[in-house]
Amino acid sequence: MNFWEYLGNRHQQLLIDAYQHASAVFQCMVIATVVGVVLGVLTYRSDWAGNMAITSTATILTIPSLALIGLLVPPLGLGVPPTVTALVLYGLLPIVRNAIVGLRGVDPTLVDAARGIGMSRLARLLRVELPLAWPPILTGIRVSTQMLMGIAAIAAYASGPGLGNEIFRGIASLGSANALNQVLAGTLGIVILALLFDAAYVLVGRLTIPGGIRA
Amino acid sequence: MPEGAAIVLENLTKRYPGHPESAVDSVSMEIKAGETVILVGPSGCGKSTTLKMINRLIEPTSGRIRINDEDVTDIDPVKLRRKIGYAIQSSGLFPHMTVAENIALVPKMVGWSKARVKDRVEEMLDLVGLDPREFHGRYPRQLSGGQQQRVGVARALAADPPVLLMDEPFGAVDPITRDHLQDELIRLQHELHKTIVFVTHDFDEAIKLGDRIAVLRERSHIAQFDTPEAILTNPVDDFVSGFVGAGAALKRLNLTRVRDVGIADFPTASVDDTLQSVFDRLRGTNTNELLLLDRRGRPYKWLRRGDLMRAKGSLARAGTMVQDTVTMDATLRDALEAVLLDSSGRVAVTGRRGDFIGVVDMETLMNSVHEMLEADRLNAIEHHHDLEETRAPQTRSEQEDAGGEPGERA
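Protein chains in written order, with the numbering used here: chain R, 1 to 215; chain C, 1 to 410.
Bound conformation, chain R alone:
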């Protein structure tokens, strides 16, 4: 069976895996974005807290993904819980980092102006600081998504969802007729998903970054 025949044969299973992969990454990104931006907002005003947040999320990223998922299985069991936890943790660094850099980079005279015309702390954050920091935050989200696409494949190790299953099955039966096709289909699927997500982010940027600050 060549690769194309394999795709024709298994397209249903592949589509389900691809859908689950995309859905897992997407949902984890939503959680990571919320957590990351909140962390950024809470810590950017203090040098110490901000650096602390960046360093600790960076440390998480240095843990090998296989090891982290392995470590999460005993307390959380198999399947979705360890997958989601690991992906969210890995996704944090680019978002937290860019949120802090972006918020700190807002021109202080604008913050001064916002205070001066009578905006409350919350209004300043929501209407001035976050919108102005949004382009770098979105870049962080984009980088995070690309990273999670690859890392999500490891989730299959903990019986998680996604295209990783395809890859792991192939690796487990190396030498058999379809082993290479399986690995190839899983890997290509992830690359294509990543490209599709990236295109979607360009669109999101167009829609959410106000004209006045779009590059």
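Treat the hints as calculated values from the structure; they're not laboratory data. Source: prediction; values computed, not measured. Beta carbons are placed, not taken as given, at the ideal position from N, Cα and C, and that holds for glycine. Any given hint might turn out to be false.
Label pairs and their calculated CB-CB ranges [said to hold, decoys possible]:
hint	chain 1	residue 1	chain 2	residue 2	range
1	C	His-190	R	Thr-55	46 to 52 Å
2	R	Gln-27	C	Pro-77	37 to 43 Å
3	R	Ser-120	C	Pro-42	53 to 59 Å
A few chain R residues that don't get close to chain C, going by computed Cβ distances all over 10 Å [said to hold, decoys possible]:
hint	residue
4	His-11
5	Thr-55
6	Pro-81
7	Met-119
8	Ala-194
9	Arg-206
Covered stretches of chain C, as calculated for chain R (at least 3 residues, CB under 8 Å) [what the hints assert, rightly or not]:
hint	region
10	89 to 101
11	131 to 141
Given chain R, put chain C in place with the hints provided.
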């Protein structure tokens, strides 16, 4: 439209932790409703800090602030600031919002209805001389520096606050634009009568805009608080005269308009007049010169007695073109400039549509300047007396010592 509110500062002091000296030391000042007061002083003198304590962007360490007899020292600062317009250097416009959204911010925060906010935005753009249809939807980066600054002023005035604080608003624009913006502000203030507190380090700007000027030395000590005229003609001490700089008498010329001095009559003729009548008029008058006006009554040519002869009787060729005219609103400085450049030492004054009103010459200018300076001197002596009384608590010796200034920017 509410007009200005009186502002009273009582012993306002700002001390930063870790600095032995206070950044602003016991400033007391009374600003009348509808008055434009300029705080002027060298960098680091605390003028900006003083300004920011009025809307409590910087919380005073001690002292009271009263606006229209209401003590605002302890009320919610966010509410306070919505009643005080605030315009800063380089406009402070939010780049991610359109011009209209920027202007609408404060009216929306104080809860105006949508329709009212919309009308107000158009009105404000009109007020600062920008076409609402053209500029409404633009982003700040699509505007020139001068236009941004206008929008900044429009935003500050949008909710119609009685008080307007301006922190070196024209510091970052080129000199020509700055001049225009200053003229605009004078015009605006003429219509609105807000109470304006304006910080600058440019004394010429202070003279041009201020009803009264407070010259500040270190730690915001008031060296002199008086009308521009009085400060120019009678600076209280070396510090103030140093700040006024050279050429006080010349600067004084900026404060008086042509309409305030005697404009002399001048014999005229129209281009439509026959050659013979022009000739007769030239011979009949005592002067040997005529001003030829064009069909709309605007100055056209200076005509001397001999000119017609030389031009062989052709009005079109005779005489010298009028190079320069001034309006009634021109400053005496502009008039002097024009007079100096004119070979006969006089300049034609024109009305709103360029129509001829009269002439101003060197002699008139000199006489008016002398009268002016004399009157100023008398006034200043009177004011000086008052000032001595108001600032009695701050002793001289305290002001003279220019000790280590904390690292605070004006």
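For each hint, the structure was consulted:
For the pair C/His-190 and R/Thr-55, the beta carbons lie near 59 Å from each other, so the given range of 46 to 52 Å is not met. The beta-carbon spacing between R/Gln-27 and C/Pro-77, approximately 42 Å, falls within the hinted interval of 37 to 43 Å. Evaluation of the 53 to 59 Å hint for R/Ser-120 and C/Pro-42 yields a failure: the beta carbon distance comes to about 35 Å. Distance check for R/His-11 against chain C: the nearest CB is about 45 Å away, which clears 10 Å, and the non-interface claim stands.
The claim that R/Thr-55 lies off the interface holds: its Cβ sits roughly 29 Å from the closest Cβ of chain C, which is beyond the 10 Å cut-off. In this structure R/Pro-81 is separated from chain C by more than 10 Å, as the shortest Cβ-Cβ distance comes to about 39 Å. Its beta-carbon lying about 7 Å from the closest one in chain C, R/Met-119 breaks the requirement of being farther than 10 Å from that chain. With a least beta-carbon separation of about 29 Å from chain C, R/Ala-194 lies farther than 10 Å from that chain, consistent with its non-interface assignment.
The non-interface label for R/Arg-206 is consistent with chain C: the shortest C-beta to C-beta separation is roughly 14 Å, beyond 10 Å. Only residues whose beta carbon comes within less than 8 Å of a beta carbon in chain R count, and the region 89 to 101 of chain C has 9; three or more means the coverage holds. Look at the region 131 to 141 of chain C against chain R: 3 of its residues bring a Cβ nearer than 8 Å to a Cβ of that chain, three or more, so the hint holds.
Hints 1, 3, 7 from the list above are not met by this structure, while the remaining hints are.
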